[in-house]
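Taking this note's numbering as reference, the numbering of the sequence shown is continuous, increasing by one, and the terminal residue is 313.
Worth flagging that the hints you see were computed from the coordinates, not collected in a lab. All figures in this text were calculated on a predicted structure; none of them were measured in a lab. Incorrect hints may appear among the rest.
What follows is a list of derived Cβ distance ranges for each label pair [unchecked claim]:
| hint | residue 1 | residue 2 | range |
| --- | --- | --- | --- |
| 1 | THR72 | THR160 | 28 to 34 angstroms |
| 2 | ARG282 | THR211 | 38 to 44 angstroms |
| 3 | GLN249 | HIS228 | 27 to 33 angstroms |
| 4 | SER57 | SER169 | 14 to 20 angstroms |
| 5 | GLN230 | ASN75 | 56 to 62 angstroms |
| 6 | PRO132 | SER169 | 21 to 27 angstroms |
With a cut-off of at most 25 angstroms between alpha-carbon atoms, the simulated SDA-like pairs for lysine to any residue come out as follows [as the list claims (entries may be wrong)]:
| hint | residue 1 | residue 2 |
| --- | --- | --- |
| 7 | LYS223 | GLN151 |
| 8 | LYS224 | GLY159 |
| 9 | LYS224 | TYR143 |
| 10 | LYS185 | ASN233 |
| 11 | LYS223 | GLN249 |
| 12 | LYS185 | ASN207 |
| 13 | LYS223 | GLY147 |
| 14 | LYS224 | GLN250 |
| 15 | LYS224 | ASP152 |
| 16 | LYS185 | GLY122 |
| 17 | LYS185 | VAL227 |
| 18 | LYS223 | THR204 |
| 19 | LYS185 | ASN163 |
| 20 | LYS185 | GLY134 |
| 21 | LYS185 | SER117 |
| 22 | LYS223 | GLY180 |
| 23 | LYS185 | THR219 |
| 24 | LYS223 | ASN166 |
| 25 | LYS223 | GLN250 |
| 26 | LYS224 | THR176 |
| 27 | LYS223 | PHE262 |
| 28 | LYS224 | GLY122 |
| 29 | LYS223 | SER179 |
| 30 | LYS224 | LEU146 |
| 31 | LYS223 | ASP144 |
| 32 | LYS223 | HIS264 |
| 33 | LYS185 | ARG282 |
| 34 | LYS223 | GLY159 |
| 35 | LYS185 | TYR252 |
| 36 | LYS224 | GLY180 |
| 37 | LYS224 | ILE237 |
Where is the CB? At the ideal position from N, CA and C, for every residue including glycine.
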Amino acid sequence: MNCLVKKLSLLLATFTVLLFGFFITAHANQAFAHTLSGNVSDSSGTDIVGAVVDVIDTTTNNNVGNDTTDGFGNYSIEVSSGTYDIEVTPPGGSGFDSAIAPSRTISGDTVVNFIFAPAGSVALSGHIYDPLGNPLQDVEVELQGTNGNVANTDSSGAYSVTVASGTYTIKISSPTYDTLSNAPLNYRFTANNYSLTENTALDITLPAKKVTVHVQDTNTNPIEQVRVETSQFEQQTYTFGGINFTGFSHYNSGPTPFTNYFRFYLFRWRQGLWRFRDSCRGASLLYFSGRSGKRPPQT
Numbered sequence: 015m016n017c018l019v020k021k022l023s024l025l026l027a028t029f030t031v032l033l034f035g036f037f038i039t040a041h042a043n044q045a046f047a048h049t050l051s052g053n054v055s056d057s058s059g060t061d062i063v064g065a066v067v068d069v070i071d072t073t074t075n076n077n078v079g080n081d082t083t084d085g086f087g088n089y090s091i092e093v094s095s096g097t098y099d100i101e102v103t104p105p106g107g108s109g110f111d112s113a114i115a116p117s118r119t120i121s122g123d124t125v126v127n128f129i130f131a132p133a134g135s136v137a138l139s140g141h142i143y144d145p146l147g148n149p150l151q152d153v154e155v156e157l158q159g160t161n162g163n164v165a166n167t168d169s170s171g172a173y174s175v176t177v178a179s180g181t182y183t184i185k186i187s188s189p190t191y192d193t194l195s196n197a198p199l200n201y202r203f204t205a206n207n208y209s210l211t212e213n214t215a216l217d218i219t220l221p222a223k224k225v226t227v228h229v230q231d232t233n234t235n236p237i238e239q240v241r242v243e244t245s246q247f248e249q250q251t252y253t254f255g256g257i258n259f260t261g262f263s264h265y266n267s268g269p270t271p272f273t274n275y276f277r278f279y280l281f282r283w284r285q286g287l288w289r290f291r292d293s294c295r296g297a298s299l300l301y302f303s304g305r306s307g308k309r310p311p312q313t
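The whole structure should be built from the sequences, with the hints applied where relevant.
See the structure below:
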């Protein structure tokens, strides 16, 4: 009997240890739920081996993880949800300056790539995405100032602008009359007096919402030759990577015979109301706050 009790006690103790170990593992996996990864290269696309990537918590200033780029310039770090400065130190003797992705909020698996400019220069690089996470091509990214420079995003939404270290105005402008992407037809962001002193990675996802407008008479018949446009060009404040931008979006459909249906994107309007109007007739169609989940008033 005593032998049986001892065996049962031993089994119970073993089960408790295994259960406790499972709890610790599950808790650890929950704490480090996301993978931060990416590539470090120079402006010609050559991978940089041996660069050290550190993840700094912006609240505590603690280093929560680091990695060294492998033979392909890649790194991977497990992190929990939060906002971080991701800092990259180039290998000794490489001649490159450091790089940073400031105030990057991570809530899922995230890819952040870094581009090192040639010695004596710095690069602003990153990607621009629509609200659905798709890359936007031909968006113009300009650094305005003495010896400024400009670049356009490629098919992957990537851009890289190389300049001398200094203070610049960052201007991001929509492609000319882009009707195919899930983005506002016309938009612009501007950040004034930005001090660019090291290679900086800045990814932007447009803060836009889809708007659908039907134009009809009181008998629900489509009204022909309607041109729908928005009235506001007022600047709103948006923050990307800890950088404050002012920006606006605008829509103008042009004449559209035999249709009363319009689908487009606008930035969220935090103050006041959007006013949509028929510019052919000069008539206001409706007022709409543009807030997610809010229905426009009936007209």
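Status of each hint after checking the structure:
no. : hint                                  : verdict
1   : THR72 <-> THR160: 28 to 34 angstroms  : 31 angstroms, holds
2   : ARG282 <-> THR211: 38 to 44 angstroms : 32 angstroms, violated
3   : GLN249 <-> HIS228: 27 to 33 angstroms : 30 angstroms, holds
4   : SER57 <-> SER169: 14 to 20 angstroms  : 19 angstroms, holds
5   : GLN230 <-> ASN75: 56 to 62 angstroms  : 58 angstroms, holds
6   : PRO132 <-> SER169: 21 to 27 angstroms : 25 angstroms, holds
7   : LYS223 <-> GLN151                     : 19 angstroms, holds
8   : LYS224 <-> GLY159                     : 35 angstroms, violated
9   : LYS224 <-> TYR143                     : 15 angstroms, holds
10  : LYS185 <-> ASN233                     : 46 angstroms, violated
11  : LYS223 <-> GLN249                     : 17 angstroms, holds
12  : LYS185 <-> ASN207                     : 11 angstroms, holds
13  : LYS223 <-> GLY147                     : 13 angstroms, holds
14  : LYS224 <-> GLN250                     : 18 angstroms, holds
15  : LYS224 <-> ASP152                     : 21 angstroms, holds
16  : LYS185 <-> GLY122                     : 28 angstroms, violated
17  : LYS185 <-> VAL227                     : 30 angstroms, violated
18  : LYS223 <-> THR204                     : 20 angstroms, holds
19  : LYS185 <-> ASN163                     : 11 angstroms, holds
20  : LYS185 <-> GLY134                     : 23 angstroms, holds
21  : LYS185 <-> SER117                     : 20 angstroms, holds
22  : LYS223 <-> GLY180                     : 35 angstroms, violated
23  : LYS185 <-> THR219                     : 15 angstroms, holds
24  : LYS223 <-> ASN166                     : 24 angstroms, holds
25  : LYS223 <-> GLN250                     : 15 angstroms, holds
26  : LYS224 <-> THR176                     : 34 angstroms, violated
27  : LYS223 <-> PHE262                     : 13 angstroms, holds
28  : LYS224 <-> GLY122                     : 24 angstroms, holds
29  : LYS223 <-> SER179                     : 36 angstroms, violated
30  : LYS224 <-> LEU146                     : 10 angstroms, holds
31  : LYS223 <-> ASP144                     : 10 angstroms, holds
32  : LYS223 <-> HIS264                     : 12 angstroms, holds
33  : LYS185 <-> ARG282                     : 19 angstroms, holds
34  : LYS223 <-> GLY159                     : 32 angstroms, violated
35  : LYS185 <-> TYR252                     : 13 angstroms, holds
36  : LYS224 <-> GLY180                     : 38 angstroms, violated
37  : LYS224 <-> ILE237                     : 22 angstroms, holds
Violated hints for the displayed structure, listed by number in ascending order: 2, 8, 10, 16, 17, 22, 26, 29, 34, 36.
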